[in-house]
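J.: Can you build the whole structure from these sequences, using the hints too?
My numbering puts the first residue of the first sequence at 28, with every later residue one more than the last.
Mixed in with the good hints, there may be bad ones.
Below, in silico cross-link-like pairs of lysine-lysine (BS3-like), each with a Cα-Cα straight-line distance of 27 Å or less [stated by the list, open to error]:
| hint | residue 1 | residue 2 |
| --- | --- | --- |
| 1 | 165 | 218 |
| 2 | 165 | 108 |
| 3 | 382 | 39 |
| 4 | 108 | 150 |
| 5 | 289 | 218 |
Okay, the calculated beta carbon distance ranges per label pair [unchecked claim]:
| hint | residue 1 | residue 2 | range |
| --- | --- | --- | --- |
| 6 | 409 | 452 | 20 to 28 Å |
| 7 | 369 | 101 | 32 to 40 Å |
| 8 | 193 | 361 | 46 to 54 Å |
| 9 | 438 | 37 | 29 to 37 Å |
| 10 | 412 | 232 | 58 to 66 Å |
| 11 | 306 | 233 | 22 to 30 Å |
| 12 | 97 | 46 | 31 to 39 Å |
For the record, the hints were derived by calculation from the structure and aren't laboratory data.
Cβ atoms here follow ideal geometry from the backbone N, Cα and C, with glycine treated the same way.
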Amino acid sequence: MLLSRGFFPTLKETPAEAQIASHRLMLRAGLVRQTAAGIYAWLPLGLRVLDNIARIVREEQNRAGALELLMPTIQSADLWKRSGRYEDYGREMLRITDRHDRELLYGPTNEEMITDIFGQSVKSYRDLPRCLYHIQWKFRDEVRPRFGVMRGREFLMKDAYSFDLDYHAAVQSYRRMMLAYMRTFQRMGLKAIPMAADTGPIGGDLSHEFIILAPVGESAVFFDADFENTDWVNAHFDYDNTDDLATFYDQMTSLYAATEEKHDAAAWERVPPARRREGRGIEVGQIFYFGTKYTASMGVTVAGPDGAAVIPEMGSYGIGVSRLVGAVIEASHDEAGIIWPDAIAPFRAAILNLKQGDPACDAMCDRAHEALGDLALYDDRPERAGVKFNDADLLGHPWQIVIGPRGAAAGRVELKRRADGTREEVSLEDALARVRG
RNA sequence: CGGGGCGUGGCGCAGUCUGGUUAGCGCGCGUGUUUUGGGUACACGAGGCCGCCGGUUCGAAUCCGGCCGCCCCGACCA
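T.: Now the structure itself:
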């Protein structure tokens, strides 16, 4: 991709409204632009990141056996009246009236809708279990949106819903999704900790929030530092193996970890003082088991093996896709700008032509650009080297291929790793190979 | 929803208290020269219904009233 042909507006100065690092950097690097309180437009660079995060989420959901569909953003109020939440949800729900005075709403979540869709078509225990998900925009009319996309009113969320025949099977679904979540965040370069959490308006009695530690986080959290020594990544747990899931779940939940609402002073006292960690965290996902709350209220049953009606057990599982963009930046940036983890970077590398117009530089840059194609952003502007260095650091590409007249004449390029700032002089071919990974 | 603050070229701000010629400054943008490995320097230039509506006045960015928008702290929340 040629930078000169793209739309990557960067800001030298920080807009006054941005208070935290991720918000500042998202505006300065041209990822988003605010269009109203808590509502953002995603510019090309931001959209690439959002898509990359959604792709990883999707891959891990599929791997865990969940099935993707797509439900609408606008929902009928009737659905919510059936579950009783139309009154309960309060003013966070954006209510809309159409030209026929029908009551609609912009969905803040989809339990009612998926329960309705599922219940219409599934009539036998043979159709269970199922887990369905979609990645769709939500709207919650927050009283006070803040921190850029971390607490927007409109946000992109992956929400999955599991349907099982009984409690035991529902617990397997819950554990399966917990494993999928840990794998998802791990792939994005994030260290998430599952913490016992409140269920809020979703309801139910079992819930975990996935927390990324960060000083700007909105939740106060308490956890046992020993969690950092838990090695679940190399354990190769199988989604279909009940023992694996049990072992994994035990690893995740046996050590103390809770958000403020679920904090238990007595249990906390039993954690050795040296291992007690208190801090703040960003919630990037939450999972719920709530049994038959929606299937019962909305009248969904299936025929069991003996012919008797059974009310399916449900769980729901959310990941804040757009929030993750901010969370990743909070976890990975420095004074100069963003440091993208390889897996979600909008481009794997920047190609910096330090002397636009120099035949050797131009030729070598063209070769690099041709070889990497869409993996790289080629800064072909007639700007000074300093401008290009600074923009590349700001945009946070994992690699920078620096091509100047000195090196180009000798057939060498400088390869810089954004994360640690290391640079080495290598041949173009070696640089390309490293960037491709 | 309580408390506080701010709306002035794309961005960051000054000017408002104490009304008065053409509304300034820095950055950015355009053209040219210059520079050429970490935001170069100079020159010229474009770009504003001073958030909106109404009022006071000979005269309003400035004073008064109303409205809208946005931000921050708290309570609330993926």
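J.: All hints are to be evaluated individually against the structure, with a verdict given for each.
T.: Against the structure, the hints:
no.	hint	result
1	165 to 218	25 Å, holds
2	165 to 108	19 Å, holds
3	382 to 39	22 Å, holds
4	108 to 150	23 Å, holds
5	289 to 218	21 Å, holds
6	409 to 452: 20 to 28 Å	25 Å, holds
7	369 to 101: 32 to 40 Å	37 Å, holds
8	193 to 361: 46 to 54 Å	51 Å, holds
9	438 to 37: 29 to 37 Å	31 Å, holds
10	412 to 232: 58 to 66 Å	60 Å, holds
11	306 to 233: 22 to 30 Å	24 Å, holds
12	97 to 46: 31 to 39 Å	34 Å, holds
Violated hints are absent here; each numbered hint is respected by the structure.
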